[in-house]
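Asks: If you want the building blocks of each chain, they are given just below.
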Amino acid sequence: MSAISPIQASEETAQQSSGGFTLPLDPLLTLAAIGLGICSVLTIGPATRHNETGSPTYYVEHQAIYLVLGLVVMAALSRLDYGWLRQFKVWIYGALIVIMLAVFAIGTHVGESVRSISLPLFSFQSSELGKTLLIVFLAAFMVDRSRKLRDRETTALVVALAIVPTMLVVLEPDIGDSLVYIAITAAVLFVAGVPWRQLAALALLGVVGVTLVIVVAPALGVHVLKKEQMERLTSFLHPTHNVESSAFQQVQSEIAIGSGRQSGLPHPGSAVYGFVPENESDFIFTSLGVEHGFVGAALVLSLYALMIWRGLRILTMAKDLFGSLIAAGVVGMLMCQVFVNVGVATGITPDTGITLPLMSYGGSSVITTMIAIGLLQSIYVRARSSEALKGRVLRW
Amino acid sequence: MSLDPLQKPESRAPVSPQIALRVAALGTLALVMFGIIFFRLWYLQILTGEHYVAQQAAQRERPLPIAAPRGQILARGGQVLVSSKTTNDVQIIPSQLPPGLEGQLTKYKEALEAAEKKTLDYRAQLKDFQGAHPHVKRLAPSSRRQLRLLQREANALPHVRVAPLPASDGRLRSLFRRLGALLHIKPRAIDEEVVRSVDATSYAPVTIDTATGPGPRTVLGERQGEFPGVVQRPVDTTAYPFKEMAAQIFGHVGPVSEPELKQKKGPYKGMQAGTIVGQNGLEYYYDKYLQGTPGKERIQVNASGEPLPSTLAPLAPKPGFNLQTTIDLPLQKAGETALRGEIKIANETGRPADGGAFVVLDPVNGEVLAMASYPSYNPEVFTKPISEAEYERLFPSGIPSSGGQPLLNRAVEDGYATGSAFKPITSIGALEAGVITPTETFGAGKCLDYHGQPYCNAAYMEFGNVALAQALEVSSDTYFYTVGMRANAYGPVIQRMAHRLGIGRETGIDLPSELEGVIPDKEWLEGLVEKERKCTRKEHKPCGYIFEPNAIWTTGDNMNLAVGQGYLLTSPLQMAVAWSAEVNAYRTGGEATVPTPHLGKQIDEPNGALWQALKFPPRRRFHLNPEYLHYIFEGIHDGTVGPGGTSTNVWVGWNEEKYPTYGKTGTAERVGQLEQAWYMCFLQSASGQRPIVIAVTVEQGGYGDQAAAPVARALAQQYYHQPKAKLIAGQAIP
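Order-wise, the sequence lines are chains D and X. Its first residue numbered 0, the first sequence is counted upward by one per residue in numbering that gives the first Met the number 0. Its first residue numbered 0, the second sequence is counted upward by one per residue in numbering that gives the first Met the number 0.
In short, the hints are calculated from the structure, not lab data. In this text, a Cβ means the ideal position worked out from N, Cα and C, and glycines have one as well. Accuracy of the hints is not assured; some may be wrong.
Example chain D residues on the side facing chain X (calculated, C-beta under 10 Å, incomplete) [unchecked claim]:
{"no.": "1", "residue": "Gln261"}
{"no.": "2", "residue": "Leu333"}
{"no.": "3", "residue": "Gly342"}
Computed spacing ranges between beta-carbons, pair by pair [unchecked claim]:
{"no.": "4", "chain 1": "X", "residue 1": "Thr47", "chain 2": "D", "residue 2": "Val209", "range": "54 to 60 Å"}
{"no.": "5", "chain 1": "X", "residue 1": "Thr47", "chain 2": "D", "residue 2": "Leu148", "range": "28 to 34 Å"}
{"no.": "6", "chain 1": "D", "residue 1": "Ser262", "chain 2": "X", "residue 2": "Ala110", "range": "49 to 55 Å"}
{"no.": "7", "chain 1": "X", "residue 1": "Ala53", "chain 2": "D", "residue 2": "Val209", "range": "51 to 57 Å"}
{"no.": "8", "chain 1": "D", "residue 1": "Ser117", "chain 2": "X", "residue 2": "Arg122", "range": "57 to 63 Å"}
{"no.": "9", "chain 1": "X", "residue 1": "Gly224", "chain 2": "D", "residue 2": "Ser262", "range": "54 to 60 Å"}
{"no.": "10", "chain 1": "D", "residue 1": "Val209", "chain 2": "X", "residue 2": "Lys126", "range": "50 to 56 Å"}
{"no.": "11", "chain 1": "D", "residue 1": "Gly208", "chain 2": "X", "residue 2": "Ala110", "range": "58 to 64 Å"}
{"no.": "12", "chain 1": "X", "residue 1": "Ile92", "chain 2": "D", "residue 2": "Leu203", "range": "56 to 62 Å"}
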């Protein structure tokens with residue numbers, strides 16, 4: 000990994016120049032997380048000024064609280080030895096299934112879908128927290144079978160175990176998050192070294208499955224997906240000006256982003272936002288594009304790039320396979336969410352309803368992402384401390 | 000800087016090259032994804048951002064037009080005939096109303112769709128009809144009526160009733176009820192208006208009342224809370240200070256119609272729905288000047304089209320130009336009073352006069368000094384929501400054979416036979432063609448027997464053999480029947496002259512619709528018969544181009560034309576123009592100038608300054624023998640002063656030295672009705688100054704001197720400031 004070392008060198012130079020003191024966290028990853036948090040608050044502010052009559056700062060205040068809470072969680076997790084989690088893998092999987100089922104049992108119905116459980120202080124979205132649980136579980140499971148990583152059986156088992164929560168998410172229905180689950184699984188399998196042939200077979204299976212669900216099944220009169228979901232996925236192909244259709248929303252999102260130009264509209268006002276739904280959550284990137292233009296959007300994308308690069312870096316420097324696989328899962332999650340969410344907002348992918356990590360308004364999403372980043376921090380810290388124990392750079 | 004860290008080994012087994020490759024692959028994938036996103040953003044925001052800014056602005060801004068004050072229509076000299084006045088509108092903002100409108104709206108939309116389908120059916124029928132009958136002007140009256148019916152149905156906006164509000168929507172019902180009671184409008188009418196308007200433009204406020212008095216205004220202002228969604232706004236409306244006077248000339252205004260808006264070309268292109276435009280008359284003809292440029296209230300809306308608080312400054316409207324007409328206001332007033340008075344007298348004396356018109360033309364320059372049509376209407380009814388009863392009165396469903404139809408400008412748009420008022424035209428035609436000489440005498444007897452068919456003088460009078468001038472003075476039908484009989488051998492000589500003078504062709508007046516008319520001859524009749532024959536063969540039933548499918552042009556037809564009867568179809572305006580041409584020839588020693596009659600004099604700026612003078616060059620010029628004219632004008636002069644003159648009784652007491660009169664009565668026979676009275680006359684000062692030509696007609700008015708000529712005298716009195724005379728009407732001299 001010495002190929003990427005110059006960065007590492009400069010980073011450590013910085014650490015050394017500050018009097019030999021080393022940071023307890025990955026500085027660039029932390030910087031990216033805090034930077035995105037600030038961008039989130041700055042974007043949500045104007046975007047939601049007109050949403051809640053009477054309290055224009057409702058959304059900003061709450062998001063700020065979630066972010067601070069998330070940072071605390073991240074810092075706490077960085078202190079935890081992630082290796083300790085391995086022993087609980089069965090419990091983690093159990094918890095994952097239970098919270099998914101709990102949604103169906105006691106969740107709040109919003110229209111046709113049920114995605115969250117109302118708790119006294121906030122509403123808890125299982126599929127969000129489930130992402131981190133799935134990452135940790137899959138990593139632990141793979142590590143347990145580290146001698147048989149290239150076995151077909153291992154791959155099959157992982158896929159089988161992952162598909163259960165994924166299908167539960169599909170049933171909520173939440174197509175967007177189920178995509179994230181698939182991305183996490185794929186990333187863990189990929190980095191664990193599953194042979195290309197098996198990966199190809201899985202990909203083929205996936206394509207066949209999707210074809211069956213979207214094309215063949217409806218033709219035979221079996222509707223696996225609800226009508227609304229089908230429309231969301233297929234209307235992308237033929238955008239109309241039906242206000243209700245999600246393709247229309249995407250067109251509106253494109254118009255809004257385009258009108259932000261280089262540096263954004265000074266006062267976009269509710270007139271712009273009226274056309275874009277969920278401009279504080281799933282379409283936060285649209286708000287960003289309107290308010291801060293290409294400059295703002297590029298800055299935020301750079302922070303994501305930084306975060307993903309740090310994830311990949313931590314993946315390679317992790318002291319053990321468990322850490323590497325957790326990092327792989329986190330990177331897969333982040334990549335999937337960023338690309339699909341921004342793709343939806345800019346009209347290059349179908350509207351699937353997915354949050355933009357740390358930017359989108361919502362406690363579950365923010366805290367889940369912070370947990371994932373906390374895990375990365377933990378892996379980083381363990382890697383550094385093990386190096387330090389061996390008399391290497393880090394001395395803390 | 001220590002290079003030490005660079006060489007550090009990993010704590011665990013170093014990452015295998017295979018895994019390193021995978022991580023690199025993952026990194027590459029991330030790189031590609033970010034590349035795609037960056038490129039997309041670059042494309043959206045930098046390359047095409049301009050386009051999106053425009054699109055964004057366009058879709059959130061709904062320009063709500065602020066009506067521009069329409070230009071005023073002025074009399075010559077500047078008196079305001081049609082004004083633009085500011086009134087207080089009561090408007091309803093649909094989005095602020097209590098719930099209940101949605102259900103009604105849905106039902107209404109469904110009904111409207113069905114009605115539109117029906118209109119399309121009518122359009123198809125009309126197309127078929129027009130395909131089968133390409134020449135409208137040669138249609139027989141019955142077919143013409145059918146055509147008009149089809150045209151009306153095909154062009155009518157689908158009229159659909161709004162279903163009543165269900166009792167469950169009590170708050171909305173109660174609001175409409177209270178508002179209705181306050182403004183004296185039926186709650187149902189308010190409801191209907193709101194539904195129709197919301198259907199058309201969901202974001203626009205609905206105007207409910209345009210002339211709210213101070214009482215209701217105060218109530219609405221003070222009790223805002225009790226009338227949610229009801230607001231007041233000052234607006235400009237068109238006002239008609241002289242009410243029914245010259246209504247058909249001005250025409251009325253109203254919102255631009257659906258078919259007009261759909262036109263790809265013309266004055267309505269790009270116009271906002273609901274814009275007030277001239278619907279007919281001068282308001283229509285000069286609409287582009289009177290229109291003005293509407294201002295814009297820039298309303299911002301969200302995705303559902305609901306208005307949002309807006310900070311955009313409104314653009315002020317630009318008022319329209321004023322149109323100064325050639326109308327002489329006192330003359331117009333005096334003429335209308337006289338026409339109404341004569342019709343009233345006729346009705347009181349047992350004549351069912353039910354329609355009339357007059358035109359006063361300056362023969363030299365074609366200026367229409369006064370023009371009217373009876374019955375009339377007050378165009379103000381169109382400035383506010385119109386009740387169905389009123390609508391039915393103005394646009395009756397059936398087409399009566401006479402009377403009614405206040406929207407019809409009888410002076411310009413309706414065609415009649417003229418009776419003897421046509422004789423000066425016959426005379427010049429026959430003289431120029433050499434059919435007769437001015438001095439030869441003929442025409443004795445009460446009746447002229449032609450192939451066993453008697454052609455008689457009115458009231459079987461006997462005038463003996465007379466020369467042209469005397470024939471005109473006493474209006475000898477037997478004389479002119481003879482002229483028509485002789486002329487037939489020369490071909491359509493009377494017709495050709497009449498056509499040159501302006502009969503049976505459009506005059507070019509600055510009004511949107513005028514009658515072309517018919518000047519019948521052999522060729523015309525044969526064409527019609529041929530067409531009827533072809534059509535009947537195709538349709539296996541009479542097509543109605545002509546009553547008698549085997550009609551042939553006879554000398555009798557020519558004889559009828561010579562006395563202004565038969566197939567002749569002309570308007571008072573055409574008669575005035577034809578007379579003007581003869582008058583011009585008489586005044587200038589043979590130079591017959593056919594003027595272009597016109598009502599527009601000049602376009603003024605809103606502040607009154609002249610902006611553009613309107614020019615109407617004469618239609619044609621040709622030469623007539625001044626000697627012939629001398630005899631004709633001697634005849635029609637004697638008609639007003641001579642002992643046997645048909646209108647001598649009307650001009651009793653007139654200052655003949657100062658303002659010599661030349662006039663001809665006409666009594667057109669109409670099947671199954673009392674005769675239509677006509678009077679044509681020409682006056683000027685003894686020195687040849689201030690010439691005018693007057694045409695008057697009264698449907699079912701009786702003899703020409705009875706209902707029509709007194710109106711002409713009243714007009715002349717006003718024009719030359721002569722003392723008023725008590726007219727003796729009803730003396731049965733034809």
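Asks: Are the hints correct? Go through all of them and say.
Replies: Hint-by-hint comparison with the structure:
no.	hint	verdict
1	Gln261	6 Å, holds
2	Leu333	9 Å, holds
3	Gly342	7 Å, holds
4	X:Thr47 to D:Val209: 54 to 60 Å	32 Å, violated
5	X:Thr47 to D:Leu148: 28 to 34 Å	48 Å, violated
6	D:Ser262 to X:Ala110: 49 to 55 Å	52 Å, holds
7	X:Ala53 to D:Val209: 51 to 57 Å	38 Å, violated
8	D:Ser117 to X:Arg122: 57 to 63 Å	59 Å, holds
9	X:Gly224 to D:Ser262: 54 to 60 Å	45 Å, violated
10	D:Val209 to X:Lys126: 50 to 56 Å	53 Å, holds
11	D:Gly208 to X:Ala110: 58 to 64 Å	49 Å, violated
12	X:Ile92 to D:Leu203: 56 to 62 Å	60 Å, holds
Violated hints, listed in ascending order, are 4, 5, 7, 9, 11; each of the other numbered hints is respected by the structure.
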